[in-house]
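A.B. asks: Next come the chains, spelled out residue by residue.
2 protein chains.
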Amino acid sequence: MLNNNIKELLKNSKKIALVGHIMPDGDTTGSCLALAYALESLGKDVFLFCQDDIPDNLCFLEGCEKFNNELTPDNKYFDLIFALDCSDPERLGIFKKLLELNEQTINIDHHVSNTEFASLNWVDPNAAATCELIYELIESLNIHIDINIANALYTGISTDTGNFSYSNTTSKTHSIAAQLLTLGVKPEEISNNLYRNNSLERVKLIARVIDTIELYKHGQISTIEITKDMLTKVGADEKESSGMVGYAKDIKGVELALLFKEQEDGQIKVSMRSKNIIDCNKLANIFGGGGHARAAGCTINSSLYDAKIIVLEEAKKLF
Amino acid sequence: MLNNNIKELLKNSKKIALVGHIMPDGDTTGSCLALAYALESLGKDVFLFCQDDIPDNLCFLEGCEKFNNELTPDNKYFDLIFALDCSDPERLGIFKKLLELNEQTINIDHHVSNTEFASLNWVDPNAAATCELIYELIESLNIHIDINIANALYTGISTDTGNFSYSNTTSKTHSIAAQLLTLGVKPEEISNNLYRNNSLERVKLIARVIDTIELYKHGQISTIEITKDMLTKVGADEKESSGMVGYAKDIKGVELALLFKEQEDGQIKVSMRSKNIIDCNKLANIFGGGGHARAAGCTINSSLYDAKIIVLEEAKKLF
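Chain order of the listed sequences is H and A. Just so we're aligned: the first sequence equals residues 346 to 664 in the numbering used here. Just so we're aligned: the second sequence equals residues 346 to 664 in the numbering used here.
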């Protein structure tokens, strides 16, 4: 069993680095924090690394300020490196370097595309979140799950499953959540922090963005737009424009939702989401992008108007 | 144990009526359907009653068309009546009559305000949903939970807990969900039906309604408005304007959200939601309304403009 190999490596390690992926989400952040608290309870010296800032809505988690975003000369060598929720070395950003500088590396992840880049790889695509694997690891190490660990694990599971609503949610996901609630997790408090903490600017932006929704192909395709001008007018920054494609997708009869977003550099970022049938990855590939069947994206160097025309033309062919 | 008393009553009953509450939601609908399928598998003749139409987003549940909304002369007398998710007899609407005409009545509910109006009452305010109690009952009757029963139970649990996000969600809630997923429930399919099936008119209405949000009391109070004119302009009907108060509540720093909605008759319906501190029930009481600490409402006979002024004035005093 893999956990036994990890146990063995842990036994001989004192100074341990945990690395989350670039543009961190709830799962990589929760995995790192939960494992950090768990290893600290075993007396290890734990160092957290993440290239990019932890998003505001995750900063309620205890310990978020402990992430380092620079590689300093005295923090290059470790007895053991964990990469958590990273499908390939590029996802570690500048901390990819740690994989080269250190011998003992462990890769724990749930992405089917994982390239098994470490000396020990535990990749389980059936897990809804890497946090499910970290829960299993902590349990197998017989470490007491305190409220900080429980909140971190719950956060990763909640964010990667759309709070138990996506198809990756399994019976096991709910069983782990049941355990975490027993340990003191307050679902409403965490949901308020994660999902109900919009800025007024973001809310005003939602109104403008929704207003651009258009339907095509007898209501099976929806489009939605975000321009730099909209952001400026409501005073929102780029980070506050995330997650808008859902408004276009969650319409009755819509199978494929297409978001067109004007980037800082003038290029158009296209996000594609489908409900059941259309292969978004295939559509994104046409424009040099990629992703999964239900969620993919690409970047197009044109005006928003033109990007919409060419993507819609290809999208319609898929029906 | 209550379940044993219910078992006893069931043994001697053949013709059984299940009644849901007026303005049905996922929990009353799910409870009725799940218990109906379970009792039918025991060879009972089951009749479903609900005064009002089952909402569109629940119509994906097998058997929704089986609800009767009239009391016919040949369907007045039963061996046993179940009232499910009904806190008092008024909640049965016209089917309150069944409680008077029949001797053996069972009241299964989770509302703390339940008036224990039946001959046998099983009220558990610790249950997140009446569907949790129906799950327990069906299990204790050793009835096989087929996919129709499982989907109905999951629907009631999901809708009453904000898909596992409200404070009423317990470890038990997740344990039951874990079981139901094992039995074939597909969380994404159900969530798509329940929460991601907006009409385009509703989505366009959301944009207009959000645009009315204003903040008061240093951002601790938010207001949001729905006028008849907005509904007309986007072509939405009244039913499509539900759930909008959430957009005002889910803003950072907001403790109390107030929705002002113009009714058909020109009166203003006020919905109040608070996050942690403010007692909405107390505020609603001032205007002859009521509810709970975190959610309450009232109706005011004035213009929307005036209703906003007088409610805001009282609301500010609570901080």
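Note that these hints are calculated values from the structure, not bench results. Among the hints, a few may not be true.
Pairs count within a copy or across copies, as identical chains cannot be separated in the list.
[Said to hold, decoys possible] Each computed DSS-like pair below joins lysine-lysine, with the alpha-carbon atoms no more than 30 Å apart:
| id | residue 1 | residue 2 |
| --- | --- | --- |
| 1 | Lys584 | Lys662 |
| 2 | Lys352 | Lys662 |
| 3 | Lys653 | Lys578 |
| 4 | Lys352 | Lys584 |
| 5 | Lys578 | Lys549 |
| 6 | Lys359 | Lys442 |
| 7 | Lys562 | Lys360 |
| 8 | Lys584 | Lys517 |
| 9 | Lys573 | Lys421 |
| 10 | Lys662 | Lys359 |
| 11 | Lys653 | Lys614 |
| 12 | Lys661 | Lys531 |
| 13 | Lys531 | Lys597 |
| 14 | Lys531 | Lys562 |
| 15 | Lys614 | Lys627 |
| 16 | Lys662 | Lys627 |
| 17 | Lys360 | Lys620 |
| 18 | Lys620 | Lys549 |
| 19 | Lys562 | Lys352 |
| 20 | Lys573 | Lys597 |
| 21 | Lys614 | Lys549 |
| 22 | Lys627 | Lys442 |
Predicted model, so just to flag it, every value in this text is computed and none were measured.
A.B. asks: Which numbered hints does this structure break?
C.D. replies: 1, 2, 4, 7, 8, 9, 10, 17, 19, 22
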